[in-house]
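Engineer: Residue numbers (our numbering), protein chains in the order written: chain A, 18 to 546; chain B, 18 to 546; chain C, 18 to 546.
The set of hints was computed from the structure by calculation and includes no laboratory data.
Hints should not be assumed to be uniformly reliable.
Which copy is meant is left open, because identical chains are indistinguishable; a pair holds if it fits in one copy or across any two.
Claimed, not checked - Pairs of lysine-lysine residues, derived as DSS-like cross-links and limited to a Cα-Cα distance of at most 27 Å, are as follows: (1) 140 with 71; (2) 229 with 449; (3) 483 with 140; (4) 460 with 536; (5) 229 with 311.
Everything numeric in this text was worked out from a predicted model, so none of it was measured.
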Amino acid sequence: MLMLFLRNAMPLWIAFMIVFSSSSFASEHSSKHKAAHKGERESGHFTPDIKFSKETQACIACHSQVSPGIVKDWLSSRHSKITPTDALKKPAIERRISTVNPPENISQYAVGCFECHSQNPEKHQDNFEHMGYRINVVVSPSDCRTCHPTETEQYVKSKMGNAYRNIMKNPVYHTLVNTIDGRKIIENGKIIIQDASYETLHETCLGCHGTKVEVRGMKKVSTGSTFGDVAVPDLSNWPSQGVGRENPDGSIGACTSCHPRHSFSIETARKPYTCGQCHLDPDTPAFNVYKESKHGNIYDTKEFEWNFSNVPWVIGTDITAPTCATCHNSLLVSPGGNVIAERTHDFGERLWVRLFGLIYSHPQPKSGDTSIIINKDNMPMPATFTGELASDFLINQTEQDSRYNKMKNVCKSCHSSNYIYGHFKKLDNTIKETDEMTLSATKLMVEAWDKGIENRKNPFDEQIEKLWIRQWLFYSNSVRYASAMTGAHDYAAFKNGWWELSDNLQKMRDLIETKELSKKKIVEHAKDH
Amino acid sequence: MLMLFLRNAMPLWIAFMIVFSSSSFASEHSSKHKAAHKGERESGHFTPDIKFSKETQACIACHSQVSPGIVKDWLSSRHSKITPTDALKKPAIERRISTVNPPENISQYAVGCFECHSQNPEKHQDNFEHMGYRINVVVSPSDCRTCHPTETEQYVKSKMGNAYRNIMKNPVYHTLVNTIDGRKIIENGKIIIQDASYETLHETCLGCHGTKVEVRGMKKVSTGSTFGDVAVPDLSNWPSQGVGRENPDGSIGACTSCHPRHSFSIETARKPYTCGQCHLDPDTPAFNVYKESKHGNIYDTKEFEWNFSNVPWVIGTDITAPTCATCHNSLLVSPGGNVIAERTHDFGERLWVRLFGLIYSHPQPKSGDTSIIINKDNMPMPATFTGELASDFLINQTEQDSRYNKMKNVCKSCHSSNYIYGHFKKLDNTIKETDEMTLSATKLMVEAWDKGIENRKNPFDEQIEKLWIRQWLFYSNSVRYASAMTGAHDYAAFKNGWWELSDNLQKMRDLIETKELSKKKIVEHAKDH
Amino acid sequence: MLMLFLRNAMPLWIAFMIVFSSSSFASEHSSKHKAAHKGERESGHFTPDIKFSKETQACIACHSQVSPGIVKDWLSSRHSKITPTDALKKPAIERRISTVNPPENISQYAVGCFECHSQNPEKHQDNFEHMGYRINVVVSPSDCRTCHPTETEQYVKSKMGNAYRNIMKNPVYHTLVNTIDGRKIIENGKIIIQDASYETLHETCLGCHGTKVEVRGMKKVSTGSTFGDVAVPDLSNWPSQGVGRENPDGSIGACTSCHPRHSFSIETARKPYTCGQCHLDPDTPAFNVYKESKHGNIYDTKEFEWNFSNVPWVIGTDITAPTCATCHNSLLVSPGGNVIAERTHDFGERLWVRLFGLIYSHPQPKSGDTSIIINKDNMPMPATFTGELASDFLINQTEQDSRYNKMKNVCKSCHSSNYIYGHFKKLDNTIKETDEMTLSATKLMVEAWDKGIENRKNPFDEQIEKLWIRQWLFYSNSVRYASAMTGAHDYAAFKNGWWELSDNLQKMRDLIETKELSKKKIVEHAKDH
């Protein structure tokens, strides 16, 4: 059998022939790597004459034919160039791994296919026998934890790690999601909303939040090569790279959301395009306003001159303006080597206020699992309709101050205290005023409910309600994001900002009157006939 | 006379003095070229000591003064660095030309000004005498065919090559175009729609689809130089680079749409910005959703490290994520040299379904000339209002499967069969559901027609009709594009996606009621008085 | 005292130790600079063994600890690498300074912290004693004038230099701004518009136009370092980098708008991202349409190969397609060294028509201070509601022709006269038709006023009025911008173009009818009861 052959019989030199001859995988790439990255100094840090484990060699032997892009991508990664043992020889502040005890069986090899896809097999529903090896299809944060425990622990307790359950286990958000994404059919002229299909949730909300990936059994697939058909686990809701993915080993999260596919690149994660996959207009326009900001302007102009691979990241030397990662999670030092900010994979750790209004902005929640929040109206939301906070579930002033100081410390790398003070004072006012604009919209919606023009049973499905959603979810949020990120003035003025906040209230007002008239008219008609 | 002087008397050394002295055109550039492109290995392929034809030298002699940017652009191109004869010396798979018999009179020279602007003079209405030479203003695909016959033949039968006639010869689309682009004047409070001016069509639809370029006669223009005034053909609807341009030699198409101006660069055509000139939101947001997708994220992060000039294009080595050209038309090989996909300039060749709904998505049309389609309601469209397909004009299941397999083969370079299966299964569901959302909107519009609230004579000019257009042209299309391209989740959820699909139905429903009331009221008023 | 120590006692070698040891500021950077910029030839132009003034050394001594990013940014600038004396040794056409007599006390040093932050102290409200030196917080155009007098003079008389007063001193625009940006509260169901807070104006309009920066007194701030607390001027409306900023020395303008922060980079100003901070959709979508245009496509593809630092800028050699700066203000020469366009910092100098409709497009105003304009309806606007021009305040045909020729000369670097003629003829038609579409919207709004449906007192606050604003401010402008910049066809057709121009008129028409009915109904109700 082929798999036995692969496991036992194929001499190493044959595997190497396949991989490194005609395609000259490694050599070509490594020379390219030097030129491309300005990371020349890094090459000294890589393991010379690195060894791939016997199992990984077997993976490569076939997959350099069957899916060569994956193999090439991995060969471009640090994982293929350094062993855990050598990674630990760097000074602590320069390390990219947080374990101090990598398992002995992998510590002397490159971090290859088998090293990652074979972790914790007993937990993996998706573990299967493949060409003589036990393989997991999905590599989860619990597997990455082997070498990156600190990052995993920070991540799984963050809002991002909990993104799936936060949307699916909260009945209010779940209703919103179903109302938007559910198919609508017309019956006797009426719009009938059906529950959203999981596929459509996957295409929309769960594309970013993550899906629940489960094993439905085994299936045969064609490799399209001489290897013929192979049996593989049949995964539901796959492919999926949303940040809060529920994995077939019971863990949550997807590291590939930001370190995509097999290059696991810190450079990719540090560039704003990664965050820009999800943090987009109209609801969370972080990437949009960044691009229009002074920081974004400098990034776009200078990115080719910057160093995105250095650890720790040196402000002023490696970069001269921040990307998303700079402010929110990277380990930063000054040119003199002083730590400006510690690395964190809890992306809320430097945030005191949550600009993303639900429906008002509020202090960051204490727990990344926000489905546990209950407000005074008994709703699972951080504020009531009138803006009263569910303070028991939100961080207190001391914690807010601490986080504010962490962020301010980043700003101070390049800005004076007075400059920073002025910036955030303006943000405080913006938060206050946009929350007021949300409250004004809420009052108009309540008027529509009270007058029986629309009904409060599902607060998301009628037209005045939809205008109300726009007010807080699109426009108030947008103005706050623009304000926080050194300004995206046209965005805050016209694009999705004050122009819309004001226009929207006027539309709600006029629509109440039009619908009221329709209603009266219909009532009168009913009386007349 | 100057032209005689240029033709007969100017010694070559004078021409060369003008071109290569003070401005040192060629030398400076070629050294620059090496550094910029990562294309060092290419230099070996260029013709050493290349010769420019006598005619091209004469062109350059003046035009390096009159329009130096054009000359410089050409000097940066491959056309200036290799002769057709030398281009043919490469192995077939590495060739950028598809002829095997270039005409003898051009085969030993660089592909210069005169070589391109003098082809097929007898067919060119725009051929004129210029400084002693017969020159065509417009270089058409029929001229490029001299060296690139396969590309031209594929292109002229594609939907893209037929883009002008497909929009202008189809009465339904022509009505839509006129309704959108026609000037509206107010007379007695009524909106009067006038036919769109050709200039405005040129600024909008025909900017991408192409204009009809004809010669209206000759005119004198000032060169603004010592050369004084010159007589040139007076071209209508020019400049024009739309993909389906109708040329003054009777041919269709414009190669410069994607290989712009005089550098004719494969790099430009392979980068997504080129497609992003036309394939944009809100109607065809391919570029928008690509940028938000995982593929787009990797492209934006890594493009500086990739090789956009290699032929064939090596997956994994030259690029580690696809651009538009990768999936849709480039010649691709594996690192081991196996062909993954053949080059095509019929951009539908790897597409089985047409996501672009008219008004429903449908199998790709058999012919690039879609003006020949007639559906069961006798309308020149691929589906009826209720979604019944004009199957006789659309490819059958076998052809769909064949094209699907071509595309899947590209995906398999980097993804497992199971991964690809999951991806396209989700797309199938998205197509089904978005078509249903279009049908729901159609039902509401028909209700409005049946009730006499709006009239079906022109189905594009009234407000409920315009909401209906948004449903299929903007929102259903957007969700499908997002789904096809590995996800642009925020786009599919909020930006132009399910949020709008649902909101839009609600707006149609409410507007029907408001307008119905207005109508009744007006009728009642009429009765009362 | 620390400041005395810094001023008098710290030996130079200590300062240098701090700056150049552990962080090795200068050496590392300059080597990096060479690699990054393709500006190798420039290095010969820099001052070898450049000296920093004693005062600047003192600044750096602390600030390389307190705000290292600023110091590093400056070290990357030309200011740190060349003295004014050496800058003057270049041929006039290559100079980046326009003075011929730099003050003696700064001419032999790098242009450092103190050189810029100590100019004209007697005029600066924000001058204060800091560590033994008199420092201005804000560096204004009047300070930059020391070395760059021509640029400053051009700038302060431009519309951009006057951007603050043009919006704040014009009662019509001020009303518009207040209506959009003012908080709206609901009282008894009515929307009450309050005056906009200055903070919100700062976040929106004044973010681009500039704020008025004044000194409110002194305040203590923590440096967060061993230097403890320091007293600094308390500035209002700060930070602020809008183009028409009113400075604490009484001057107008902010050079950092386009040459940001301490690198003062010509490269940044020449790339389109800088203009793209403010010239954005929906009102002034210059950056948006550029990105979709052929020029933008070529820029995005080729920017890595271009030279953005060369002075003068050589068309065809340094760049092969224009950025915003190329057409609007840079000093351009041909590869042969002929001047194509002179440098200008009056960004209207090559513009004959103002595409930005107020409310119709019109010839450029004579003065950059547009608050002096009065039209025939006695309103401070360049045209009346029906489109009659305030010609006394606008440039005449001769001046228009002269500016048109300046621009055409830029185009001719790469395009034939006939090509350019065709392009601008299409623009002329677009201007005419979009102004007509604006007039149609105006007529409908006047109908609504005449019928008492909305009231003309504030022409910006009701729903039909807001649709009217969209017509000229968003859609007519967008189509004109797209037309001017070699085409952004999808933008002009669908995005914010003709689709919206037409849809919007229909919405206005329907809304007039709906509101008229509501009004009548209410009147009838009143009569009945």
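Engineer: Now look at each hint and say whether the structure bears it out.
Structural biologist: These are the hints, each one checked on the structure:
1. With identical chains, the CA atoms of residue 140 and residue 71 are at most 27 Å apart within one copy only, with a shortest distance of 24 Å there and 66 Å across copies.
2. For a Cα distance limit of 27 Å, the shortest separation of residue 229 from residue 449 across copies, 23 Å, qualifies, whereas the shortest one inside one copy, 38 Å, does not.
3. Taking the shortest Cα distances, residue 483 and residue 140 never come within 27 Å of each other, neither inside one copy (44 Å) nor across copies (54 Å).
4. In this homomeric assembly, residue 460 and residue 536 come within 27 Å of each other (Cα to Cα) both inside a single copy, at 20 Å, and across copies, at 24 Å.
5. Only between protomers do residue 229 and residue 311 lie at most 27 Å apart by alpha-carbon distance; the minimum there is 19 Å, versus 39 Å within a single protomer.
Consistency with the previously given hints fails for number 3 only.
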